[in-house]
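J.: Chain residues, written in single-letter form:
There are 2 protein chains.
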Amino acid sequence: MSKLRVNAFSLSLDGYGAGPDQDLQNPLGVGGPAVHKWAFSTRTFRKMFGEEGGATTGADEDFAARSFENVGAWILGRNMFGPIRGEWPDDSWKGWWGDNPPYHVPVFVLTHHERAPITMEGGTTFYFVTDGIHSALEQAKAAAGGKDVRVGGGVATIRQYLQERLIDEMHLAISPVLLGRGESLFSGLDMLKLGYQCTEQVATALATHVAIKRA
Amino acid sequence: MSKLRVNAFSLSLDGYGAGPDQDLQNPLGVGGPAVHKWAFSTRTFRKMFGEEGGATTGADEDFAARSFENVGAWILGRNMFGPIRGEWPDDSWKGWWGDNPPYHVPVFVLTHHERAPITMEGGTTFYFVTDGIHSALEQAKAAAGGKDVRVGGGVATIRQYLQERLIDEMHLAISPVLLGRGESLFSGLDMLKLGYQCTEQVATALATHVAIKRA
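Chains as they are written, first to last, in the numbering used here: chain A, 1 to 215; chain B, 216 to 430.
To be clear, the hints were calculated from the coordinates, so they are not data collected in a lab.
Treat the hints with caution; some may be incorrect.
[What the hints assert, rightly or not] What the simulated footprint calls covered on chain A by chain B, stretch by stretch (three residues with Cβ under 8 Å from a Cβ of chain B suffice, anywhere in the stretch; the number is not a length):
id, segment
1, 7-19
2, 183-192
3, 207-214
Positions of the beta carbon are idealized from the N, C-alpha and C atoms, including for glycine.
Next comes chain A alone, as it looks inside the complex (with noise of 0.2 Å):
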């Protein structure tokens, strides 16, 4: 059966997604890149930017090509792809990853901005949902065609539908930093009353892995 899942998802050891002030110079926040150190070290994700060399092997590899397997539809915060705080510019941003994005099937971007579809280099469309979660994750399912649908996040993104219990597994990346301040994943939200467990548990010296699933 298609799964709801958020994959490679890293985490400071403070339990924060980003850094704090996340704007266009700063995407990923203010100390926000360390934390994904260890995706920057495979060759999956290396190879995703364009870029040579990588480890092949090891946990941080394994997890990074398993983040992509089986992927048959993505949604994405409006954060994910547009610059922080206030969706985008105007109707000529087409996101963060230039005109060959490095998803090359149907993306769904939450967003209060209506737009129509966008179809990439490479097999990527980005479809803009505004009438919430629940119709986001009815249209990526019927467009990931019996694969699972992906969350690329961001942080508020994935505690909506884990709130919701949606989400059918997770494997995040906890890195060795502390960012201090940023968008908590966990904060407040009782993942064990959820029905969630954590079922793994592999570390790297960049970063813990660990699968958490629904009972």
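Got chain A sorted already, so can you dock chain B onto it with the hints?
T.: Frame of chain A, contents of chain B only:
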């Protein structure tokens, strides 16, 4: 120089130092013991509670053994000494640990309840400090005779010392367990602004051990 340390302090994945609904039956809170599974696996902690066996090598045992090295005095929050959320029933209460507590040095208990010191077997003396965390630290440093002072917890006590930038180093053990609710160590505490950073990460199957130091 004598340091103020936190060692072998266990946290859940979602950042809680103890589970919810702590009481006499559940001093670690509901679900709390699972967070300490790594410690119960070590020879050092098993021996402390009069049990045989346990790992004698590996990072779990290393961090457990290091946690007791060069400790000249302890500071405990009131819940670490007596029944949760009500100080203790009466002055016949001598802590959770029986006649020979596993401290073997002076222990300073933060409380609002004045009480004469209690000398226990094996070198532990409990002193009750009613005039705040700075007074407790001063008394503990004087009693430690040049060795370090270890803050045993709980979360609220550690947070108070962190907020005042008085803790020099912390060893946390993050367990692959969700507690859902409880006392959050980091929530609302800007560790970066307070000058702390993560300097070490070593993981086992049971926990990710991290060292955090003040710059």
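J.: Under 8 Å between beta-carbons, do enough residues of the segment 207-214 of chain A, three at least, approach chain B for the coverage claim to hold?
T.: With 3 residues closer than 8 Å to chain B, the segment 207-214 of chain A meets the three-residue bar; holds.
J.: The segment 7-19 of chain A covered by chain B? Criterion: 3 or more residues, Cβ-Cβ distance below 8 Å.
T.: Result for this restraint: holds, n = 3.
J.: Please check whether the segment 183-192 of chain A has three or more residues whose CB lies within less than 8 Å of a CB on chain B.
T.: holds (count 7)
The structure agrees with every numbered hint stated previously.
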